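Chains as they are written, first to last, in this note's numbering: chain L, 1 to 425; chain B, 1 to 210.
Zero decoy hints are in this set.
Below, in silico cross-link-like pairs of lysine to aspartate or glutamate (DMTMM-like), each with a Cα-Cα straight-line distance of 20 Å or less:
hint : chain 1 : residue 1 : chain 2 : residue 2
1    : B       : K28       : B       : D152
2    : L       : K9        : B       : E91
3    : B       : K71       : B       : E3
4    : B       : K28       : B       : D154
5    : B       : K114      : B       : E126
6    : B       : K78       : B       : E3
7    : B       : K171      : B       : D197
8    : L       : K412      : B       : E69
9    : L       : K9        : B       : D111
10   : B       : K114      : B       : D182
11   : L       : K9        : L       : E321
12   : B       : K71       : L       : D417
13   : B       : K5        : B       : D25
14   : L       : K127      : L       : D44
15   : L       : K13       : B       : E91
Example chain L residues on the side facing chain B (calculated, C-beta under 10 Å, incomplete):
hint : residue
16   : L3
17   : I6
18   : N10
19   : K13
20   : D326
21   : A335
22   : S338
23   : V419
Don't read these hints as lab results, they were simulated from the structure.
This structure is a prediction, so every number in the text was calculated from the model and none was measured.
Beta carbons: idealized from backbone N, C-alpha and C, even for Gly.
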Amino acid sequence: MTLFTIVRKNLFKRSLSTVLTITSVAVGVGLMLSVATIQTQTEDSYRQTSVGYDLILAAKGSPMQATLNTIYHLEQSTGLIPYSVYESSLRDPRVEQVFPFYVGDSYRGIRVIGTSAAFIRFGEPVKGRSFQFAQGGPFQGLFEVVLGSEAARRSGLSLNDTLVISHGLSEPEAGAESLDHDALPVVVSGILAPTGTAHDRVIFTSFRTTAALHQSHDHAHEDTLKHLDAVMIRFKNPQSALQVAGVINYPTPDSPFMRMQMARDPFFAFKTEIMAVIPSQQISNLLSIVGNAERVLNWVSRFVVVIALFSVLIALYNTMEGRRRDLAIFRTLGARRSTLLRVMMAESTAIVVVGSLVGWVGGHLIVATIAPYLLETAGIVITAWKYDSSSLSVIFGLISAGILIGTIPGIKAYRSDPVQHLASL
Amino acid sequence: MIEFKNVIKRYSQPILSIQELSIADRSKIGIYGPSGTGKTTFLHLISGLITPSEGSIFVNGTELSALSESKRDRFRAKHIGYVFQTFNLVEGYTALENVMLSQVFLYGRSDKSKASEMLDRVGLSERKNHIPSTLSVGQQQRVCIARALVNDPDILLADEPTGSLDPESSKLVMDQILEFSDGRTLLLVSHDNAVLDRFNDRLSLTEFKP
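So that you can see chain B by itself, here it is in the shape it has in the complex (with noise of 0.2 Å):
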């Protein structure tokens, strides 16, 4: 369960305002609203990386801006994957050891077989060794998926993840994205209405625009 109280996030003027929003454990939700809506912002609150600057953000009810920042880093490590429209894979890092960083940062060291069968999962058997510019976007894109996935969290946040690809890399990244969410939760943002037709459950945040 994923639960807004009185959040107001601002920067240098306010960005959201969320009086009450609770997300059920295992929903899919696709998230939408015009550029400056806040949407990453939401995703970044949900995932700890920023503090509200007013309210209370309950994860798996934990109160997220209650812990120390190194608590939330502990906690996103574990229960949280985060997919990025330019993947923001690590150049000089293999793909397999690109998955593998987020084992390390969560127990110290990466689980190797672990990272593999997830790239195997992606389909990307045969890529494993290969650094990032040499594989496709889609490809790309798929890694970064495996290593949202590879600790196996509650939590999956997807940031126009299919915003950078051809309608044939898109369908595929939203096919695995949907298989592997099955018995989480997914909250994917994107302004693509194919995109968002596949999700039942829809959010706009410019309701949430202060």
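Next comes chain L alone, as it looks inside the complex (with noise of 0.2 Å):
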């Protein structure tokens, strides 16, 4: 038997308080870790997700939805825009890089994204960083598919397989008509590695590749060489982007000479039928809203963990009625009064270390529980045992304050007078 052994001892002999006391601790830490681990992680997708391209011109409408469509695979399009622009934006020397969207077809619920090879080579899902394949390589021609790493997970397709892709975003409800592009299945060429994005839960091929699926069968829809939902634009010069937007965007002026400086533009002529969207702002805008809401929910869940750590300092100086008798006995048997003391430290640092690992574990349950909800309806992938610095400063930091917190009935037990209590007995 040690001083560790009385301290087991009289949590034991108190179980019920002493599991309750835990489990507060730990719901305040499981809700506190799990909500910062979902904002982070949520933040650093967005803001990831958002890089590479500066422009995206989509049909008129909203310009979150437009953005959210494109960079997240959420949300409709917001309608159909020229192919002419995306030949325009091949022709402009301000553009380094233009990338097609089309979406309207899926396989099994996944999106499938009509695009060009130069997506999957010059895209960067990543800041700083391309897509790598996993296994085999990039659509070369006609009737090919990449898959993205949580697509290819979810479908259970591998290289080489073939698949039937539908027309729609979703899998149509039971009895209804799956509108199949039959006569005509794709084979999957490539499978990207993970990237951390909305990107690796979406199927990718050639626009030219859906296209030709549509030309197939006869229900009603648009040739889609004559139309894309958006087209993603790389300038040389970031700066571009606005000058674009501006052409795009800004009223045509009434000065005759401004109206021809402006129609000198080769996007003037889209600019009844597109809008220009700068996703930086858009993804500005989405975080302040999304941020607003997980603000409330980190101090709530702060305030739980205060609570708890209340609830182990009441649960504490409670039992210390009913312990003077045993403090008494420890100060005759010889026990100092600075061992008491430590006693209750350790019993307060005991609760809360337990408390904060049950938490700990059952915060990153949460978010393992969560994480596949977040990522179907909002694209945003969270991994629940990532290692989180912030996480482990959130535990010692509880910790501290669980043996400053023992301190309280630690020092009403160092101040008891053991002679008063022998003689109450």
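Given two chains presented individually in distinct reference frames, assemble the corresponding complex, making use of the accompanying hints.
Now the structure itself:
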């Protein structure tokens, strides 16, 4: 037997109180860590994915919707834009890369994005990082597709497997007719390595493939080689994005001279049909909206942790009356006041340490449970068991708080008079 | 040797006033006196649980009141064993663990074999892993004796050790206290003449009432 045994036995003697107090700490820690993890990784996910394009040209509508649709593969397209927008972009000397974007097909609920080989080759899903292949390579010709890592996992498809793409973005409801492009199955030419972005959960193919698929059957839709959903542009000089956005979005000036100047820009011709969206601005707006809700959650979870720490204090303090007898006996057996203080502090520390560890595991389990839902509904890739130094700081902070909290009942134990309590035995 | 020099202990009023008192090593003394004469206070002063309001107490040549409280705690753990009327065993701890508590507070850890041997000596070999509430009062007092002796103290203080016991248990407990106090100083407080009759030396605290 050691002092540690005494601490353990004291905690076991009041097992219900100990379990309830540990639970309250675990709930607080779990809530705080899960909110913090989701918050951090959501922001990272949104920030990372936004890199690589300076401008999105899409049909007039909500700029946020166009951003969510093209970058995060969420929401519906704002509409179709002329294919000539893509052709003009390719010819524009200010442009470094152009990525066409067509979305309207899916495979078992997984979106199929029609784009160009340039997107796979030059696109940057994460700042400074291009797409890497886990298996195979890019689509070379028609009827080949490249799977994002999560799309491969969800679909169970492997390299060189064939699949039949359906028209529409979601799986048809039970009993409804599925508009499959079943006459022309496509082949998996490659599977991408995980990027931690929304691109992981879609299937990429050439927009010419999507056009060919639609020409092969008779259900009503527009010819995709005459239209696209969006064009994403990377400029040689990012300032050009502002210039082009101004030409497209600002009203045509009344001044004939100014109008003539503006009309020289090749994008002026599409002014009435498209809008220009600067994704970085939309991402900032999005993070601001999401951030407000997260800030509230963050404060709530911190409040829960503070309440939990108070519950440790109250639980230990409330036991003091019942423990005076034991403490008096310990003193007659030669226990020093400082020993009693250490025992009390060790008890609160043990509660906070166990509660924090349970909360840490529970928090990550919460994240692991929510992660598939966030991926499905918001396109956010969350890794539950990712090492995060800030969560360790939280745990160490809490343990320090637990030690400090133990000093309050500890000082009460320290001051208790053994003779007085022996007399009342 | 235990020596009192000009000791006065007062709470709201004086309880004890001992000008001069010496107790030789290995003495066996029965202490008695009516209620309120400060018998328990007398034992607490010797154990260092309390200090005199005035004067000095020397135990084995050490002036207790000159020691810090922490050092007095250490001194008590090493040199003094305490047997109570109400046993004062810690609930939730087995008989063996109650005995080992004394070792933990002196050495920082227990010696299970020695604690176990002490319980064997007081006749509780079969009850070592029982918690106090499952033991008879006589058995509880024997655990208390084992706990008081496990650190091999020089002085054994017993405050009405038979006060809660039936005559049969009382005799057994007194036999054990006297047997195990061989080679130690024993100061035993009692109201029971049958108990006091077992002591050649007796001390009435009435004479120290201020």
